[in-house]
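S.K.: Here is what each chain is made of, one letter per residue.
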Amino acid sequence: MGTLFTTVRDTLRYKGREGQWLWVLHRISGLGILFYLILHVYDMSLAYFNVPVHEQMIALFKTPLFSVLELALAVLLIFHAVNGVRVALLDLRPELWAKQQLATRLALIITVVIAAPTIIIMIIYTINAHLGPVATTIAR
Amino acid sequence: MKVHLKIKRFNPEKDKKPYWGEYDIEADESDRVLDALQTVKWTIDGALNFRRSCAHGICGSDAMRINGRNALACKLLIRDAVHNGAITVEPILGLPLIKDLIVDMEPFFAHYRAVMPFLVNNNEPGERERLQSQEQRARYDDGTKCILCACCTTSCPSFWARGEYVGPAAIVQAHRFIFDSRDEGAADRLEVLVEPDGVWRCRTVFNCTEVCPRDIQVTKLIGEVKQALVTGKID
Amino acid sequence: MTTAGSTAVKDAGMYKRSTRPAPPPRNNFERAAWMYMRYSGLVLVFLALSHWGLQHIFNSVQDLTLQSTVNRWGVTGQVANFQIWFWRAYYGLLLGLAMLHGLNGLRQVAYDYMHFRPLYWGFMGLSTLLIIAVSVAGIAALLLGVNIAAAGGAVVR
Amino acid sequence: MAQYHQFDALVVGAGGSGLMAALYASKSVNTAVISKLYPTRSHTGAAQGGIAAALGNMEPDKWEWHAYDTVKGGDFLSDQDAVDVLCQEAVEAVIDLEHMGLPFDRTPDGKISQRRFGGHSNNETKKPVMRACHAADRTGHMILQTLYQQCIKNNVRFFDEFQMVDMIIVDGVCRGIVAVELNTGELHVFHSKAVMLATGGFGKVWKITSNAHSLTGDGPAIILRKNLPLEDMEFYQFHPTGIYKMGILLSEAARGEGAVFINDKGERFMERYAPTMKDLASRDVCSRSIYKEVRAGNGIGGKDYVYLDFRPDRINKYFEADGSPRRVDAEYIETRLPDIIEFVRVYMGIDPIVEPVPIQPTAHYAMGGIPTDLDARVLADETGKVVEGLYAAGEAACVSVHGANRLGTNSLVDIVVFGRRGGIRMAEYCQQAQFQPISQESHTRAEAILNGIRNSTGAESPGQIRKELQMHMDEHVGVFRTREKLEIALEEIRSLKERYKKIKIDDKGMRWNTDLMEAWELGCLLDLAEATAVSGLAREESRGGHYREDFPNRDDVNFLKHTMVWTDNHITYKPVHIGRYQPTERKY
Ligand SMILES: Cc1cc2nc3c(=O)[nH]c(=O)nc-3n(C[C@H](O)[C@H](O)[C@H](O)COP(=O)(O)OP(=O)(O)OC[C@H]3O[C@@H](n4cnc5c(N)ncnc54)[C@H](O)[C@@H]3O)c2cc1C
Ligand code: HEM
Ligand code: SF4
Ligand code: F3S
Ligand code: FES
Chain L
1 MGTLFTTVRD TLRYKGREGQ WLWVLHRISG LGILFYLILH VYDMSLAYFN
51 VPVHEQMIAL FKTPLFSVLE LALAVLLIFH AVNGVRVALL DLRPELWAKQ
101 QLATRLALII TVVIAAPTII IMIIYTINAH LGPVATTIAR
Chain W
141 MKVHLKIKRF NPEKDKKPYW GEYDIEADES DRVLDALQTV KWTIDGALNF
191 RRSCAHGICG SDAMRINGRN ALACKLLIRD AVHNGAITVE PILGLPLIKD
241 LIVDMEPFFA HYRAVMPFLV NNNEPGERER LQSQEQRARY DDGTKCILCA
291 CCTTSCPSFW ARGEYVGPAA IVQAHRFIFD SRDEGAADRL EVLVEPDGVW
341 RCRTVFNCTE VCPRDIQVTK LIGEVKQALV TGKID
Chain R
376 MTTAGSTAVK DAGMYKRSTR PAPPPRNNFE RAAWMYMRYS GLVLVFLALS
426 HWGLQHIFNS VQDLTLQSTV NRWGVTGQVA NFQIWFWRAY YGLLLGLAML
476 HGLNGLRQVA YDYMHFRPLY WGFMGLSTLL IIAVSVAGIA ALLLGVNIAA
526 AGGAVVR
Chain D
533 MAQYHQFDAL VVGAGGSGLM AALYASKSVN TAVISKLYPT RSHTGAAQGG
583 IAAALGNMEP DKWEWHAYDT VKGGDFLSDQ DAVDVLCQEA VEAVIDLEHM
633 GLPFDRTPDG KISQRRFGGH SNNETKKPVM RACHAADRTG HMILQTLYQQ
683 CIKNNVRFFD EFQMVDMIIV DGVCRGIVAV ELNTGELHVF HSKAVMLATG
733 GFGKVWKITS NAHSLTGDGP AIILRKNLPL EDMEFYQFHP TGIYKMGILL
783 SEAARGEGAV FINDKGERFM ERYAPTMKDL ASRDVCSRSI YKEVRAGNGI
833 GGKDYVYLDF RPDRINKYFE ADGSPRRVDA EYIETRLPDI IEFVRVYMGI
883 DPIVEPVPIQ PTAHYAMGGI PTDLDARVLA DETGKVVEGL YAAGEAACVS
933 VHGANRLGTN SLVDIVVFGR RGGIRMAEYC QQAQFQPISQ ESHTRAEAIL
983 NGIRNSTGAE SPGQIRKELQ MHMDEHVGVF RTREKLEIAL EEIRSLKERY
1033 KKIKIDDKGM RWNTDLMEAW ELGCLLDLAE ATAVSGLARE ESRGGHYRED
1083 FPNRDDVNFL KHTMVWTDNH ITYKPVHIGR YQPTERKY
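Going down the list, the sequences are from chains L, W, R and D. According to our numbering, the first sequence is numbered sequentially starting from 1. According to our numbering, the second sequence is numbered sequentially starting from 141. According to our numbering, the third sequence is numbered sequentially starting from 376. According to our numbering, the fourth sequence is numbered sequentially starting from 533.
Among the hints, erroneous ones may be present.
These stretches of chain R come out as covered by chain W in the derived footprint (C-beta under 8 Å, 3 or more residues) [to be verified]: (1) 415-427; (2) 481-494.
Now the in silico label distances, taken between C-beta atoms and shown as ranges [claimed, not checked]: (3) W:262 / R:427: 56 to 64 Å; (4) R:403 / D:857: 55 to 63 Å; (5) L:98 / W:304: 28 to 36 Å; (6) R:492 / D:864: 52 to 60 Å.
Source of the hints: derived by calculation from the structure; they are not laboratory data. Keep in mind it's a predicted model, so treat the numbers as computed, not measured. In this text, a Cβ means the ideal position worked out from N, Cα and C, and glycines have one as well.
Generate coordinates for the entire structure from the input sequences, incorporating the hints supplied.
M.R.: Below is the structure:
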């Protein structure tokens, strides 16, 4: 893995600003989403090829552990999308470069603005499913 | 004021791996970090090694990592560098370490040479200067300020990962000529930069722009080169 | 030599060179890949986020059943109506764009860290095969619909 | 053991002069450049204001006017044949640089832009003339970069971070040099037909200086040790505008754009000292005037500095007072002097657009150096005999175009004009000369010297000696000199030289031993300081940069001649080449 180790070490050692950390996150989130996507498409294809296994996997996705992973995935996807737009826009319109500091902050803010309600809704769904009426009462 | 300096030391003839050297010195708050290093060298340990020459940010010798971030030691004042009375100084990343704060600059200059950093124009120039409008001159001004200090290239995560990446400094140099109205070598330079280790390695991290001691908008210039490759136009 | 100051010689096109065409670069793959990442990313924002919203916000994973899939995909052997074609196109596009985007992203990461050429090519070869296989299976399932026969009648039409 | 290399021509030093020479020499012969710094780190890159050439792009100008200004600036000590070459070829050289790609600023009609500079005038009206071609205030940087770029284009062979420590001169013929590869500490013998020394200045002899740490005069010092003379060493220029206490230069371009000196009373005092050129009088005049103000108690707060004022509203006020129609605004000043303004902001923490800047004269430029003829060939003595195969150019050399005081922007002209002439001449020589044999032992002298320092077990610290040397030089061999001061300085330098024999360094290693190299360089500084003081003591008159309070007048009867100083401190003299311009009183 050649320079993976040194790069990770250097990235931790070097005191970069937001740009550096957004890049790290973008990379990790991209890989995370890809991993999930492969799993997910495989699972969905089983709806034709092997329905019983498909159903077992759906059941698996409903367990608490996967509910937590799903939350993480939501944040990663939202972040990756928002930050991806930032990068794409900056790359395709160099004249926007002067505003990069603003763009980084905006990306973080938008991520939070979208992710926060998403997570809350998802948490409520999960609690509902696992704890049933109690949560439903609270939610009301 | 009293300053506590933590300097990453390494002597290839003695040490197996780098270690921290710690020094307490007296310095003026308007002194440069370079002055502090000189004080250590001249009064505490003459064996401390670092490059320096002009001492005012114009020759590009003394790029180093001060408090974790690249800077020219001669352009950072003590008062801006001390945190809780201390300053940490380490060599720049991504280039082979030789001794103390000195790294091997050869790979850096090899990338510089790779982008044909010189005017290409085979037309007979005539007896007087080639004409250039003020706007055309302004178009590539930013890149001409570069002092090849390597602050940018050695702050770039893509460069840490792949030393083969030409790096922001070389792209800035290429930009300086690609956008010079007198130049005709853009095609050849773009041939180099379109390669996988050319501009595409740049992931828009902005570390480079943030540390350039000459305030060059490095990422923007890289972006303009990417645009030249994408649109096929240089304007 | 005495030259009088500023006798302007602004004949037409004196400074001309404003928009020179850059040459078509020889190695176009990296450039195409780079542009693809940007443009597909912009499209994916809508597709991936809307999909996520549908599956995880408006509906919950917890409510996911074979029925909800049948509602969009139809069942094996069924003649596709407009709705089913719409979902086929939507998911097909999402799947294709995302997989290719992800694959190229993975390639970039691998290119950064795997300097030993055979390792890089081996890793990318396997990854590409896996991703193609999964994508083909996914698209096949999308076109063929939910195999209701194998579901043991669990699904109510 | 030393490694061995052979090249037709060797250039030592990769500043403007070295690169220019290398570029031209490498066109026809096998050439290598040896430099203790990466070429782009050379101090040519620090030059700010501009390079003079009578292009006449902005207003009428003639090279003859440039020549006269140069001779007058040099207080009539310049060799006028050399000055003619300088000023005539300046035009060609600047155009040459432009063709190489140098990004000069432009006039509205697309030509090279020019600005005013100290001492440059329209000879008819006596008013300042726009002669300095410039690229913002980074002209030297652009020259250095452009020349390096061209060297890369032409595949010039570089040995970067190799430091010359000895020269091989046998039977009066230069046959190569010995250098240390800094990275390994190994010695390398470079065998050649011709060598050019382009090692730059030696400002580090003083404490307050605009010069780089690396400017330690290695070339001239080695020349002295080879029993060859140095010329006009007493003429050292103190630039009037160094940042207070640091010495970082604020180019004369600031005054070219309209900045003025003011004292504690807010007076524009240069009006009194130079009624016509005022703040653009030559540098020696300005530096002395500043110190005269300080002595009269007019320094800011009674201290030893004055203000350089380039607040736009003030500049406009002075333009108005001078009857000039020009006006400036903050934006204009920022685009014309970006680096200078940044220096002030970074290093002084004040904004020159709103506050005046504390400045003090700073040691800047060596008019003297290795004597050469018009083709940059090194002279062996006062009779004009040349050392075969040896060339010198740039600040290390003294063709004597600058005489007793250099005009601003003339050094950059000097390095390109004589660098080029030297390079061409050297190549011609190499084409007909043969390699002269060198001994297997060529490097042993250098080895012994370096090992001597490395293993010395004395108690003296080189850092301390350097500090004391610089202190004495600032105090006694500065802008104002007297017999007593110079004698004190000499005594001190000699005792420091004794102490230098007993130094001890901390780093005993081979690789990148800057401790060792700095100690070696200190030896050069000591030798050059001594040569400067000795020459100054002998010249009992005031001329240009050399001002003796005990002999305040110029004495053309006894001292219209060049000093040649030798390693044993004896002095010989050489006549000045007078041409069209007879010495007259110098007034600005
Ligand atoms: C701050 C400042 C501003 C200036 N502004 C102007 C201006 O506006 N206009 C103007 O005309 N002049 C100006 N000057 C003066 C001018 O810049 C210099 O005199 C000129 O650049 C000297 O060039 P050079 O080629 O002789 O030497 P340098 O550029 O100093 O180069 C010396 C070279 O020699 C090498 N070297 C030295 N010793 C050794 C050794 N022992 N072995 C191997 N290599 C060695 C160094 O590595 C370096 O490459 C300015 C000077 C300063 C300090
Ligand atoms: C939702 C909208 C998306 C947008 C706007 C987006 C945008 C981008 C962009 C612009 C890049 C290039 C980054 C660079 O070159 O520095 C990128 C990289 C990447 N993307 Fe996406 N993407 C999105 C969705 C996805 C999805 C669904 C996946 C998973 C399949 C994914 C996986 C990756 C990977 C692995 C990388 C490489 C990361 C790197 O090189 O550091 N992205 N994305
Ligand atoms: S672009 Fe800036 S940081 Fe990079 S080498 Fe040039 S001056 Fe240094
Ligand atoms: S830090 Fe590196 S990734 Fe690009 S924006 Fe700068 S070159
Ligand atoms: S010493 Fe020249 S840039 Fe710092």
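S.K.: Which numbered hints turn out to be false for this structure?
M.R.: 1
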